[in-house]
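Asker: Listed in order, the protein sequences are those of chains X and B. Okay, so the first sequence: first residue is 2 according to the numbering used here, each after it adds one. Okay, so the second sequence: first residue is 10 according to the numbering used here, each after it adds one.
Because the hints were derived from the structure by calculation, they are not lab data. Small disclaimer: the values here were computed from a predicted structure and weren't measured. Ideal Cβ placement from N, Cα and C applies to all residues, glycine included. Among the hints, a few may not be true.
Unchecked claim - Pairs of lysine-lysine, DSBU-like flavour, derived with a Cα cap of 35 Å:
1. B:K137 / X:K81
2. B:K256 / B:K15
3. B:K245 / B:K15
4. B:K245 / X:K83
5. X:K272 / X:K83
6. B:K256 / B:K245
Said to hold, decoys possible - Ranges between beta-carbon positions, derived for each pair:
7. X:R103 / B:S159: 39 to 47 Å
8. X:A145 / B:G23: 40 to 48 Å
9. B:S35 / X:F234: 55 to 63 Å
10. X:L141 / B:G21: 57 to 65 Å
11. X:R116 / B:E138: 35 to 43 Å
12. X:K83 / B:G21: 17 to 25 Å
13. X:T229 / B:G21: 45 to 53 Å
14. B:L12 / X:I283: 50 to 58 Å
Chain residues, written in single-letter form:
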Amino acid sequence: MELTFGAIALGLAYAFLGMGIFITMRIFNFPDITADGSLTLGGSLTAALLTAGVNPCLAVLASMIAGFLAGTATGAIYTKLKVNGLLSGILVMTALYSVNLRIMGRSNMPLISVRTILSPFADIADPTLRILAPILLFLLLVAAFILFLRWLFRTDFGLAMRATGDNEVMIAAQGVATDRMKIIGIGCSNALIALSGSLVAQYQGFADIGMGIGIIVFGLASVIIGDTLAGLFGERFRIGIRLICVAIGSILFRGLVAATLSIGLNPTDLKIVTAIFVLLTIMLPQARSALRGKPR
Amino acid sequence: MILIEKLTKIFGRGTPNEVRALREVSLGIDAGEFVVVIGTNGSGKSTLLNAIAGGFPPDSGRISLNGRDVTRMTDHQRARHIGRVFQNPFSGTAPTMTIAENLRLASLRGIPKRLSIGLDNGEMARLKERSAELGMGLETRLETPIGLLSGGERQALTLLMATLRRPDILLLDEHTAALDPRSAEQVMRLTERIVREHHLTTLMVTHDMEEAVHHGSRLLMMHEGTVALDLRAEAKAGLTPAILLGKFAELRIMAR
């Protein structure tokens, strides 16, 4: 039971990672792998600030801003310096490793004895409610951000962002500086990813320099599961619903991880299992159409 | 009114693939003129259009729109003044976005896109009215993603988008070439109507001699990066496809 609740809470915390990847991957059509660094950035900055006694809400906000800046760095390297997109992400991700170590001053920081956004729930007497409270908080946050993003992508600015990923020639002809759009978009994505790192660190009770390694694949998994879910509902275009599906995808994926661990799999094997799982989900549509005998 | 002075563009300068796409082209187009541009492949006709749109900076020369020097402005900085329809019907529209969303972006061509919902009920009603002008029934499908439409429908919408906000100049780059004959004819009819109704200054590149003869008030024939022939009013009116083909043959002989 505890395991299930834990998986749901983590799934919700990682839902922001999924949403961030969704923005770069699906909206901007940009393979951004800054995620590995920016998730850890969110976690480490939160840990350092909380340990220094900063208000938890401010720490979360600061993490998001830091994530946004990391994303804009990737975006600027990609658009202004014309470096390959994947490489831009790798460069920033690599640089962030050092930055994160600097921020924490060591490779791991416990958050057991400091005040986090979850601290108020520790005093709840009812044990079930105590476990449910973080889930409710995360759920509220996820819902709030989905509503915000749904609104954002319906504004004139948001339409221009979407068009940038959809057809750059067209939106440039409408007078949009697409470079700027991409930089802001990748920034927003990484702000969400850093938020994810911040929440995960606070929920788990520690930040670790390795918490982001390979995390892009986790995010990708929730986006793919989310897309599959959205496809089942015949929903390919409405962003709000697709984001809800990504959040559900994140929870399902965490559930899958928890289940795999509970049947006795070594946690160190998790990454290879994840990689194979993502590969399978990507191959699935191809395999299906191959079976039907029509090429995609 | 648009003024082009000694515009030169060489691609791949100093390489074996050097292409002298535009050689000191000078050209003035008056407000309200509908200029048809023809020429063989590589004659520089598309490059000319692209240069006006700001697709690349020219090597030398000047382009001004309504007295304003735009030579060093990027394509998105010029967008306010220029409406464009591309040869590929997929180039002018964002496929995963709805007709209404595409039209909304087009009605903001060249003006800042703000962080507020612009596509409200009032705007929807206005876009519905404007898209009804096309007479293709698209006004009932404003919530449909554009990717689900046919090439002809997408091209007609691109044409509407290019003119939704009145452009100083409308650039049509072989915009019917990739369409089936019926859609091509339909889009051409729409073009005539929109250009006439709004008195738009228009530059249309085509490789279709019939189109070149039957449309526009002025005809330019490009050849090896220069304007080889410039026919107006009566001279243009008397043209037939056969005469044009004859002119092409003359140029080819002169080149030898």
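Asker: Could you check the structure against the hints above and give me the numbers of any it violates, in ascending order?
Answerer: Hints 1, 4, 7, 8, 11 contradicted; others consistent.
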